[in-house]
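Participant: Kindly generate the complete structure, drawing on both the sequences and the hints.
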Amino acid sequence: MISLKNAGFSYGSRAILENVTQELAAGSFHFLTGPSGAGKTTLLKMCYLSLMPDSGKLEIFGQDVTALSREQITQMRRRVGVVHQDCQFLNHLTVRQNIALPLLVAGKNIEDNMDNLEDLLSWVEMDHRADAFPEEISGGERQRLALARAVIMDPDMIVADEPTGNVDWEMGQRLLSLLVELNKMGKTILLATHDLNLIRSIKGQVPASVLRLKDGQLNLAGARL
Amino acid sequence: MSFNPLEYLFGDKASDQVVPPRGGAAWLTGFASAAMAFIAVFALTLSLAVERLADYWALDLARSATVRIVAQEADLAAQTEATLQVLRTTPGVKSAEIIDKAAQLELLEPWLGSSLPADTLPVPQLIDVRLGEPGPDVQSLQLRLSAEAPGAVYNDHSYWRAPVLEASNRLRLMVMISLVLTAVVTVIIVVLSAHNALASNQGIIRTLRLLGAGDSYIARAFVRRITLRATMGAVLGMVLAMIVVLTFPSQPEDGGLLAGLSLSGADFIYPLLVPLLVAISAFAASRLAARYHLHSVT
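Protein sequence lines correspond, in order, to chains A and B. So for the first sequence, my numbering puts the first residue at 1; every next one is plus one. So for the second sequence, my numbering puts the first residue at 1; every next one is plus one.
Rather than coming from a laboratory, the hints here were simulated on the basis of the structure. Among the hints, erroneous ones may be present.
[Said to hold, decoys possible] Computed cross-link-like contacts, EDC-like style, restricted to lysine to aspartate or glutamate with a CA-CA straight-line distance of at most 20 Å:
no.	chain 1	residue 1	chain 2	residue 2
1	A	K184	A	D119
2	A	K5	A	D64
3	B	K94	B	D156
4	A	K5	A	D215
5	A	K45	B	D215
6	A	K108	B	D16
7	A	K184	A	D154
8	A	K108	B	D215
9	A	K45	A	E71
Facilitator: Written out as C-alpha cells, the structure reads:
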C-alpha cells in the first residue's frame, strides 16, 4: 500500500525526515506517534500526496509518486481519505453538501449516491445535523463530518492527523471506533496521535502497530496491539 | 481534444457550488464591469457621432462651394448673371443659386446682431454652388470666372474644412484609444479580481485539492463565477448607458457633435457587442490568472 525507502524531507536546510524506510500493508492499522515537531504531519502529508519526498522513494498503491503527473496525483488523492485535527470545510455548504463534495469534484452524480450519502450521515450520527452549516456544529461533529467526507469516495486508505486532538475522551473513542470499523472493512488506517490512552484503547479490537517518529527516523515502537 | 469555452463555462454547473457566493471583492468585478461597459457604450456612441461629423465635413461640405462677387453696385448684377451662367454651364456643377441678402444677414446675425442696416451694409453677393460627383475642374472654372466676372472668387471651403477634418480625425483617434484603454482596464480589474478571489479562498482551494480536485476543476469554478459576474455587470452597464443615450434630448440637425449623439439602425449592434467582449475578456483574463495562481501555489 505505502512503501517508503530512505525517504527524506527538509524545510530549507532543516531536515525533518531522514532515510525513512517503512512498509504499510493494505488493510493494516497504524498509529504514528512522536514528540511535537518530529515530522508526523510532514510524513502524513507525503502519504496523502500533499508533499513529495526530497530524497529516497515513496510508492503509494505501487506507484512511485515522484513520477506522477499533476493529473495522476489528483486521481490518486481520491483514493486517500484525509481527516485533520482542524478540518477545513466549505462554510457556505451544508453538512450534507460538504460530505458530498468529493463526489462533486470527481464529477459523480450526487443523486445517484444519495443512499450512500444518507447511510454515511447515519453512520457518523449526523443525520439530524445534515442541513446545518459547518460553523453551526460542535468540534466532535466536525470531526465526524470530516470522517464521513473522507470515506464517501470509498478510499483505500484513511490518513488521520490528530483527529481526536480537539474532542473529549468519549468523542475520541467514538471516532476511533469508526476508524476501527473502516479498518475491518479493509481500509488501511494511518492515524497520527500523541494520545497514548487512545492507542491503548484499541487493544483487542483490531491488530495495530505503533510507529514512532523521533529525530527524523521512523521506528516500530515495539508493541503490536 | 479541442477546447470549448462554452463547455468549459456551462458544462459542469455543479462546480459553481464550491465558490462562496459572497466574498470581500465579489461585487468588485460586477461593478467594475458595469462601469467599464457604461463608459464603453458612451465612447462608442461618441465614436459614431464623430464618424458622422467627419463624414459631414468630408463629404457633404466637399460637395458644396461658395462664389463671392465683389463689384461696384452698377456692375454687380451683370457679374452675378455672368457667374451664374459660367457655373451652370460647367460640368460637375449640379446647381448654383444666389443667396439673397436676407439670408446673408441671417448668417451674419450671430456675429453682428439682428439690428443690421440691411440697406446700407456693403455685403458681397454670394452664390451657393452644389457640386456633383465628380466635381468640376476647379482650375479651369476659376480661369473662366476671372474672364467672365472678374469680381467673382470661387471658394471650395478647403481652407477651413481641412483643420476641422483634422480635428475630427484626431477626436476619432482619441475615442478609439479610450475604448482600447477601457478594455485594458477591464482586463486588469478582472485579473486582479481573479487573483483576489483565489487568494482569499486559499482554504477552500487547499480543501478541494485534498478531496481530489484538479487545478482545472478549481480554475473552472472560479473562472465561471468571475466571467458570469463580469458579464452581468457589463449587461447592466450597457443597458444603463443605452437608456441615457436613447433619452438624450434631441438636437437640431445642424447641432454638430451633439446632434450625432444617438443610435439608429445597425448602430445598436455595437453596444450589444460590449457585454460579449467583456465576457470574452473576463473569461480569458480570469482563466489565465487562475492557471497562473494555481500553478504557483503548491
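Participant: Indicate, hint by hint, whether the structure satisfies it.
Facilitator: Going down the list of hints, with the structure as the test:
1. K184/A with D119/A: holds, 17 Å
2. K5/A with D64/A: holds, 11 Å
3. K94/B with D156/B: holds, 14 Å
4. K5/A with D215/A: holds, 17 Å
5. K45/A with D215/B: holds, 18 Å
6. K108/A with D16/B: Holds - the C-alpha atoms of D16/B and K108/A are around 15 Å apart, at most 20 Å.
7. K184/A with D154/A: holds, 14 Å
8. K108/A with D215/B: holds, 17 Å
9. K45/A with E71/A: holds, 18 Å
Checked against the numbered hints above, the structure violates none of them.
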